[in-house]
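Peer 1: Protein chains in written order, with this note's numbering: chain G, 293 to 406; chain R, 22 to 136.
Just so you know, the hints here were simulated from the structure itself, not pulled from any lab data.
Treat each hint with caution, since some may be false.
[What the hints assert, rightly or not] A partial selection of chain R residues facing chain G, derived with a Cβ cut-off under 8 angstroms: (1) LYS63; (2) VAL64; (3) PHE82; (4) THR122; (5) PHE127; (6) GLY128.
Virtual Cβ for every residue (Gly too), placed ideally from N, Cα, C.
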Amino acid sequence: SQKIEQNSEALNIQEGKTATLTCNYTNYSPAYLQWYRQDPGRGPVFLLLIRENEKEKRKERLKVTFDTTLKQSLFHITASQPADSATYLCAPSPRTGGGNKLTFGTGTQLKVEL
Amino acid sequence: EPEVTQTPSHQVTQMGQEVILRCVPISNHLYFYWYRQILGQKVEFLVSFYNNEISEKSEIFDDQFSVERPDGSNFTLKIRSTKLEDSAMYFCASSDKGPGTGELFFGEGSRLTVL
C-alpha cells in the first residue's frame with residue numbers, strides 16, 4: 293500500500309539555522325509533490341509544489357528537492373525564525389488517472405528557538 | 022484575497038444526531054474536498070467532488086456520510102448519525118486544478134465534538 297513517511301519526532305533548531313525536513317514515500321510514482329504548513333487548530337496552507345522533472349524549487353527562504361529515484365523530498369527553511377514554528381506536511385500527488393485525492397503525510401513539527 | 026469559509030467553527034452534538042458542516046469554496050474553483058483531523062493525528066482525506074459528483078472517497082466515508090453542492094456556492098458534509106469517533110476537525114478545501122497539479126486552499130475548519 294502507499295505510504296508517506298515524515299519524521300514524527302519534533303525538530304528543534306536555533307533561530308538563524310537551516311531546518312531540513314524529510315518526506316519519504318513508497319509505492320507511489322507521484323508526478324508532483326506539495327508541501328504545506330499547518331499551525332495548531334488551523335487548516336493547512338500551501339507552500340510549494342515541485343514537479344518530477346524538477347530537482348529543486350525555491351521560494352524566498354524555502355527550498356524543496358525531489359528525488360524520484362530515492363523516493364524522497366527534502367524541505368529546507370534557511371535563516372529560520374520562531375515564526376516558522378509549525379507542522380509541515382508533505383503530499384505526493386497522484387498522476388492523472390491515479391486517483392482524485394491528495395494524501396498527506398503525518399507531518400513533522402518544527403520548533404525554532406531563540 | 023479569496024478564501025474558503027467554513028461554518029460552524031465549533032459544533033457540539035449528542036451521539037446519534039445528524040450534523041451538517043458547511044463550506045463556501047473559492048468562487049471559480051471546480052474541485053472540492055473534505056478532510057478530517059482527529060486531535061493529534063494526521064490530516065485524512067474523506068472525499069473529493071467534481072462536476073457535481075463524488076470523484077473519490079476514502080474508507081472512512083461510509084454510508085453515514087454524504088456531500089452535496091446544493092447551489093453554486095455551498096458545499097456541505099452531512100453526518101447522519103454521529104458517533105463518538107467522529108469527533109474531529111473537519112476541513113473543506115477547494116482547487117481550480119485537478120488533484121496534485123494545483124494547490125488546495127483550506128478553510129479554517131469546523132471542530133465537531135460528539136458527546
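Peer 1: Are the hints correct? Go through all of them and say.
Peer 2: Now for the hints, and whether the structure bears them out:
Restraint check, R/LYS63 versus chain G: the minimum CB separation of about 5 angstroms is within 8 angstroms; hint holds. For R/VAL64, the shortest C-beta to C-beta distance to chain G is roughly 5 angstroms, which falls under 8 angstroms, so the interface hint holds. A hinted interface residue such as R/PHE82 counts as satisfied when its beta carbon comes closer than 8 angstroms to some beta carbon of chain G; here the least separation is about 11 angstroms, so the hint is violated. A distance limit of 8 angstroms between C-beta atoms decides the matter here; for R/THR122 the minimum to chain G is near 6 angstroms, and the interface restraint holds.
A distance limit of 8 angstroms between C-beta atoms decides the matter here; for R/PHE127 the minimum to chain G is near 3 angstroms, and the interface restraint holds. At a threshold of 8 angstroms, the smallest CB-CB gap from R/GLY128 to chain G is about 6 angstroms, leaving the interface hint in force.
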